[in-house]
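The task is simple: from the sequences and hints, build the whole structure.
Now for the letters of each chain:
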Amino acid sequence: MSRIKVGIIGYGGSAKVYHLPFILSVPELELHAFLQRSEAPPPTPGSDVPRGQHCTVDFPDVRHYRTAETFFTDEEIELVVICTGPATHAELALQAINAGKNVVVEKPFTCTSAEADEVIQAATRKGVILTVYQNRRYDSDFLALQDVVGRGHLGTISEAEFHHDLPFPAMLTKMTSPERRPGIGMAYTAGSHSIDQALALFGRPRGVTAFYRSLRGIQSDEEDSFTITLSYDTPLLVHIKTNAQTMMDRPLTYFVRGSAGAFVKFGGDVQIKQIREKGMAPGDEGFGEEPEDMWGELTTVERVREGQVGRGGFWVGKVPSGKDGYRKYYRDLVETLRGRKKFAIDPALSRDGIRVIELATQSAKEGRTVRFA
Amino acid sequence: MSPPKPIGVGIVGYGFSTRTFHLPFILPNPSYRLVAFVQRHDAATDSRTGKTAPHCTIDYPEARRYKGHEEFLEDKEVELVIIATGHSSHAALAIAALKAGKHVVVEKPFCCSSQEADQVIAEAKKSGKVLTVFQNRRYDSDFRTLQSLVDQNVFGQITEAEIHYDVDFPPWASGNPGPDFKPGGGLMFGIGCHVLDQAMALFGQPTSVTGFYRSLVHPSKSDNAFTIVLQYDPSGPQKDLLVTVKGSIVSNLVYPLKYFVRGFDGTFIKHGEDPQEPQIVSEGMASTDPKFGYEHPDTYGVLTTSKKAHDSQQEKKGKWVGNMPSLKGDYMGYYEDVAKAIRGEKELVVKPETSRDGIRVIELARESAELGRTLPFA
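Residue numbers (my numbering), protein chains in the order written: chain A, 1 to 373; chain B, 1 to 378.
To be clear, the hints were calculated from the coordinates, so they are not data collected in a lab.
Even for Gly, the Cβ is constructed at its ideal location relative to N, Cα and C.
As a list, the in silico BS3-like pairs of lysine-lysine whose alpha-carbon atoms are at most 25 Å apart: (1) B:K307 to B:K319; (2) A:K278 to B:K316; (3) A:K126 to A:K342; (4) A:K365 to B:K239.
Coverage of chain A stretches by chain B, computed from C-beta distances (three or more under 8 Å per stretch; other residues unrestricted): (5) 209-218; (6) 229-236; (7) 248-261; (8) 296-307; (9) 366-372.
As structure tokens, this is what we get:
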């Protein structure tokens, strides 16, 4: 069967670190073309253009387009991956859909839920596959949490905390605008993941309550830290948080409890760190595997899982984290493109995530719980 | 110079609280002398089990026993009254005791409403006697540890503090509360008053309150799970601070999460609980035992800082990380401080105004939850 030809739009950190290593590791996918609108920097006399700066330098053997019009008329492209900033997501997705391409859009899906609705409708009418890079649905520890919840180990869940904290990331220095720009703000940047995880596990909320902060030392409408609380028709309360000034070796990630047990996890998925800091690639030994001492801990009233031991009146044991997840995103997508399976990432849920962000922004401003609608 | 005359103590109520949280910390203290109890019912033996319920006349025959508080309050040897009765009688008994010229320790929750609390405080000002509330968890091992870290400015500017107090389906909170909420009832009054007090001891009065509460298991307007978010003066040094105070009867952890505090310079996360109550109740340990109040190292909190803050830390990837040995839990210190306040030697540590503010936060948290709005603290 012929390989699926992939065209990538954009060549920043997203394309280079979050997509290419995984696309290149899946044999059924073939990297076919790039659309990078900026020119390659001219070579300095006496030296080559450094690698990682331009796709024409790093991937000389694939097609390179400088305009969207020429890129989208390449009939061989079957799957388009949009790795640009959020402001162009909807516009490029619509162009790709109109050209009959299947599309992966980076998170955040779009800047507004109205845009998201438009893109989803266009894809349905055209009959192409549309999805969003909610890759953190394939995080090693999210997979463990999902397994624990899916098997009912926690009973009736009353509280769930999703933390994604950052240790003073460099990106904060670029957030200098005092006014909010479309699709920008930590709720869009990090929240698009953690909100998506919460919606995937617990569904649409009834109410959204949010608190925003700018901790980076400037007055700005663009938050770098947030707390978003989702309330439901059941007693369940979900807290989604990012604090961009958190110094912790293994930050708290998940704390979920219910009538039958509790799951606590520190540290996060290792894939991106392994690529950035250790130069590893998918397929390498140990790629995407968390060290065992970082696995999440499940505490239950009754013994429900292999490996649990009695302690303090409870049954306690580590839950193995999943592994090598982001490659699975693309492998699963191949199955869907071949018509064999429905894809796990439904863009309608990403649309709901954008809606939660819109309501969270409103809630933080108005100091009240806003009904989800 | 001879030691000061011991303060005569009278205790209203002889339940679990009196026997666990008060007597073990009063009796060994030479500043105090046990004078009297009020215990309404006579000693009784259960005909079925043959067991005699605890009674002050059996356990402390040398102390006087009164059946009602009126006669008790006329006892001139009683100088300090400890009110360890059900919540609904706290305010009335406190006022009566103050009017009778006594110093007063009121068990938590101080009162069932901030209005009652204001009345009791006004009475104390008139009488000039010491009025305080048994916010003993200011003397918990883990809180004392956190407070010392805050006092040493280990965190730099604090951006977030989560203070949790979960209890594992205890009998006193697991029954059916009925459909209605009664002021002074529910988990916010039951244990929220502790964690709110801790939040106020650390961060002062908030300027706004956002509340969520739930009744898990039985439908009810009473609460057995709550989340209260406190924010602070938007023009002051705590303008970015977000404090979340939570409690639930669903815990299901060997060591429940207690504190998660972070600032620009460091983070502290701690699980577990103060050991004093289990040491008294389950181990029968004396409060004077050298091991008393010390946690097991398994429950030490993890302190991560940008600069070395404690010997227990080691460098790890440019940060300093270590398990911070917890300070001793010190309920004896509560009563030592009360004696010093009565003698005018030291300012009262647990001020009734702070407890009153805690009750006000609970009232606003309920209202906020019902209205779905953040409310100004007033």
